[in-house]
Amino acid sequence: MATPLKTAAPRFQRRALLSRLPLRSQVALALVASVGLIVVLAPVLPIADPLSGSLAERLLPFFSDGHVLGTDSQGRDMLSRLVYGTRTSLIAGVVPIVIATTLGLIIGTIAGLAGKVTNTILMRAVDVMFAFPGVLLSLLLAITLGVGLGTLILALTLVWIAPVARIAETEVTRIRELDFVTVARASGAGLPSILGRQIVPVALPAVLAFSTSLVGANIAIAGGLGFIGLGVPSPEPELGSILQEMQAAIYSDPGLALAPVVVIIALSMLFPLVGDGFRDAISGRGQES
Amino acid sequence: MAHNRFLRFVGARLLLTVLTAFFVAAVVFFAIRAIPGDPALTILGTDSTPEERAELRIVMGLDQSILVQFFGWLGRLVTGDLGYSYSQGRPVADIVGPALENTAMLGAAATLIAVVLALVMGNLATSSIRWVRRVIDWVEAFFLSAPQYTVALLLLLAFAVLLPLFPAGGISSRGDGGFFDVAAHLVLPATALALAPGAQMGRSLKTSIATLQSTELLPALRARGLSPWRLAVHAHHNALPPMITVLGIQVGSMLGGALFVENIFSIPGLGALVVQSVSLRDYTLVQAVALLIAVVFVVVLLLADILNALLDPRIRVGRA
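Chain order of the listed sequences is H and A. Under numbering that gives the first Met the number 0, the first residue of the first sequence carries the number 0, and numbering increases by one thereafter. Under numbering that gives the first Met the number 0, the first residue of the second sequence carries the number 0, and numbering increases by one thereafter.
It is possible that some hints are incorrect.
One side only, chain A facing chain H, incomplete, derived with CB under 8 Å [said to hold, decoys possible]:
#, residue
1, L18
2, P146
3, L155
4, G251
By construction, these hints were calculated from the structure, which means they are not laboratory data. We put the beta carbon where it would ideally sit given N, CA and C, even for glycine.
For reference, chain A alone in the conformation it holds in the complex (with noise of 0.2 Å):
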């Protein structure tokens, strides 16, 4: 019974996930699409004949009706088959996968040192001294609001330039490559993602052990005489499904903000891949990057909620 309720929740969350990601693709197709000029022109430059550009543009199915052109191209995106990149002469899909990898380690990088940080910053919210909290407070409006390539450079200038702890660019070193290379290398962009990110979450658990602090449970656990670290426990297990519900909805701005961070570290991740085909314009590497980054962000969306779900009962009884 309870399994069955929580099959369906999930076959309605992964409709709404189908539905969702076919916005996003149409979206993505049609903006690129209503791009102002000639793709063929672009991309031959304008030494090219027109017989040559009208050719490109059989070639691309350019000449046929939009709805058909975007059907195709969900059509061989479901195969795999993301495009032929112009400016780097070479199948996206080749492209974009390395540049997956660096942004997935830059996310989880980041991720982990948000789930600290948002462990840290709950628990001193919450602290009994009256000063920790107010500036705790502070800490946390700083965290939530600064922009995310501000702090990067706040952070490039204090501990890349000012006190050289970490290096000022790229995923790892020439000839290197290790994992401590890497994880040298991602420490302050993983870190500027990770600050609002991690106040968010940071703010859940207080709300968290604050409710559970104003209740008659933990001095009646302590009572039965639990110890402080099962009481600890205690504590911090409500506050999982609002924490990973934040931070599902937060990884839609990691993204956003891997778009200037990878940028200002040198990361050749998605994000600063797909600035640079902006400039470059390259517009199939445009659309398939975008179209990636958005796709990830609906996925990890409906991963945070199934597995909310499997945590929290009550979830999958209420609204799917």
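One chain only, chain H, in its complex shape (with noise of 0.2 Å):
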């Protein structure tokens, strides 16, 4: 008995994509699209430089005159401190993703599609890659390479080449076997039209919903590493080095010291939430519940 054959390619519906979203998702997008927002808009917002501030005004309370989150250490404003952090953490946290997709994309596609030797040879590299702690590894670039924004993301784009890679690899070599790019082979499609329009496109989504997970793994890396003085040197904010400076008043002023703490906590359950939502509205799961 023949099944009919899948001949074209599937597409992808951005709206319906969109709808098929969970609601927890989709909030979190609208969470993480208003965060984007403000960071962007944080020079001509009406907040305190985040880089001035007294000492006299050191650790005020929340909802003090002028300091709705209150003051640091140093007496500079909290809330533009978040602010301004979270727009450090961000670029930290997304742009190392961009690049580890695009490299770790390629990586897999050739892999994916190579023979076997070739196959077996950049998969067994990713192998190698994976079993270094990405902390330890972006550690180790650091001082190395010197503290720095450049030197953050290049440490953690390196982190993340190898798991998107694999997840890459796992897509492709599903995909070939399909029966619409089985179709455009006999068809007499080349190989960079097969690449272009059957395989790459298809294998997109499922990747990049990954990626999206992996921004909030990421900026909690660089967050640590600010925490521990190797993530952008002081006095520019960033979330990890806000949490550092603040841990010791974490038996003075606990509230204050928490701020730092939740915006990272939210910051890193936003965008696996949204990530995972994509990844099951693609794979059609994820209706229960």
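Using the hints, put the two standalone chains together into the complex.
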């Protein structure tokens, strides 16, 4: 009995995908967008200078005059520190993932389409990269290249190439055996056309969903490096270093110390909520509950 | 025959592990060696004479070619010579030993807590009560994503500052150091490290139980008169291999997290040591500890795979 061939590559309708997203992922997406907007508009928003403060005003509580979220241990406005710190953390969180996704997609696609030998070499190399705890790798690079936003982005990029390459390879290997690829090949389509029209566009949504989730983990690592003094050098605000500065205040002013904790946790959670929502929407799962 | 296959699987896996360890050692060595500046100057200080520095460079082997240095370093590592820490004035091996012990204790405690968490969450996530599933869903999302250092600070604030149930730092009280004393010191930091592995393993368990619930195996077994306890054993047995794989991978994130958590709770382990030696610019020590952490992870991954192959014969037949 012949089953009908699926001769066309599936296309995703963007609007349909968005509406299939679970409610909590939609909310998370809206929150991410708002945070992004606030951070971009930060210079024109009516908030204080994140770098200037007076020691006379140190550790003011919440809702102090002119300082809604109080001040840090050097008297700088906490709200403004958090807004600008989020901006730095988002750059350190998103940029490495964008670069790593591009490189991982290239490596994974080559590995998925190439012969057995190339595939083995590439994927074993990926396995080897996987075996390095990400925090440790970025720590080594941070001390080798000197701390700074550029180093941080480079180090974190290296951490995430392997995971993306692995997902991309799995997807490409799965897709290349599907009917519509065979049909395209049989009808004489060349490799560039098959790659560009059949394989990459079909593999992309799953890879992008995965990468979106990774941004959360990446923000967590970036913050951790800032926390141990290997992120962006002070006085530039960054969520991890803000947390480190406020750590001592945990005994005297727990509320103030909690503010950066809450922001980091929120950012780390929002991206996986969005990414996992997209993943479920693409694979058609997540309809229960 | 099956025995033979198992050995071949272990052999192939071992080869990959040695390759990985070699790569890791190379990254650690060349990353440290690429740090700009003269190590001799760092150690002797700016008031040293050029002659003194040149002499130290020869003693440290820095005058030789980089490859000779690398393989010399590897050779000494194999014999257990990890180098000499100038900041502490002791051989690195003497410093690293106790630190490794503390981190191992922390890791063991975290693993124990993670397994308990996984059992609880996996079972609650497949509960027949809807709101329980929903709550677990959110708890899982939090556990999986919240960075370990933020969890550590929250736990510190809640259970050491506001509600002083546990000590706020250190590995044992002065003059004590008995089992219960050390255990009390480990509860909070180990919990901070255990949330993500616990939730991740709980997911595997949830999938396994849910798959089993969708088949007719459970009603069939029940019809044959198996006790609920035996049924539960069946449901959990299948989840074991994926849980071990997840745990192996998560040990990497635990080791990474130890860098932060050990600092927050002042536990003298490998993580605290590496951060401390970075700030002291004692790169021999950084090199040794970073390598040790990476090698521990590589070995754990190997053990997890071998354990899985022992438990699940299908794995060793498939790909090595």
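Going through the hints against the structure:
no.	hint	result
1	L18	holds, 7 Å
2	P146	holds, 4 Å
3	L155	holds, 7 Å
4	G251	holds, 4 Å
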